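Below are the chains, spelled out letter by letter.
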Amino acid sequence: AQSVTQLDSQVPVFEEAPVELRCNYSSSVSVYLFWYVQYPNQGLQLLLKYLSGSTLVESINGFEAEFNKSQTSFHLRKPSVHISDTAEYFCAAVSGAGSYQLTFGKGTKLSVIP
Amino acid sequence: NAGVTQTPKFQVLKTGQSMTLQCAQDMNHNSMYWYRQDPGMGLRLIYYSASEGTTDKGEVPNGYNVSRLNKREFSLRLESAAPSQTSVYFCASSGDRGFQPQHFGDGTRLSIL
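Each protein sequence line maps, in turn, to chains Y and L. Residue numbers for the first sequence follow the numbering used here, beginning at 431 and rising by one. Residue numbers for the second sequence follow the numbering used here, beginning at 37 and rising by one.
Just so you know, the hints here were simulated from the structure itself, not pulled from any lab data. Every value quoted in this text rests on a predicted model; they were computed, and no experiment measured them. Think of the CB as a built atom: it goes at the ideal place given N, C-alpha and C, for glycine as much as any other residue. Be aware that a few hints might be false.
Claimed, not checked - As a list, the in silico DSSO-like pairs of lysine-lysine whose alpha-carbon atoms are at most 27 Å apart: (1) L:K50 - Y:K479; (2) Y:K499 - Y:K479; (3) L:K93 - Y:K536.
Claimed, not checked - To give a feel for the contact side, a few chain Y residues facing chain L, derived at Cβ under 8 Å: (4) L476; (5) L478; (6) K536.
Full structure from sequences and hints, please.
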């Protein structure tokens, strides 16, 4: 079974500074990877996903993540964060096409400091 | 656009009581999901429905039942609530017969005393 590890439970960062949220998964066999964002008192929103093709995927609000098969990682990065990026971020993975059993990491709380 | 709507938003139950959490989506999506979120645990899949008329167990189905009433609605029932079921419950949907929920409701915060 797939497992997902988010290495940091909380990440404080100053506004306009870069940030990296780390995510590692357990198996690289036909793995599909996702990042979700959860703002306070809301449900999750799909931020970006890697299914196949280019290992670098981008979201519409400036985040990007790179699939690294050799390191079994899918870290999320943003070169310059805004106050509005304060939220909890979840990495998720599924093994194999057609599986509904998406496994989530425990989440990383990003706090952007003015 | 309403997206995914969950009712109620908050509920307090006593141990042994039953209740049904309602979920409806207006995006004509085939797949719907129920998750629970506990502090420091991420989300865990309770049940999912790949299409109208089908339901399947997820990672933590014990103590729950579901009904896919029609394409729009997917309800979650607790027959005899237990304190271990205190959690935040999220309904989600996906337009593809795939595995990644794309749209989530705002959650139901359920406390069982």
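When the nearest CB of chain L is found for L476 (chain Y), is that gap smaller than 8 Å?
5 Å, holds
Compare the distance between the alpha carbons of K93 (chain L) and K536 (chain Y) with 27 Å, and conclude whether the hinted pair is satisfied.
21 Å, holds
Take the shortest C-beta to C-beta distance between K536 (chain Y) and chain L; is it under 8 Å?
5 Å, holds
Hint consistency between K499 (chain Y) and K479 (chain Y) [alpha-carbon to alpha-carbon, up to 27 Å]:
OK: K499 (chain Y) and K479 (chain Y) at ~15 Å, within 27 Å.
Given hint K479 (chain Y) paired with K50 (chain L) - CA-CA distance at most 27 Å:
It is violated: about 40 Å lies between the C-alpha atoms, which goes past 27 Å.
Given L478 (chain Y) was flagged as interface, is its beta-carbon under 8 Å from a beta-carbon of chain L?
11 Å, violated
The structure fails hints 1, 5 (numbered hints given earlier, in ascending order).
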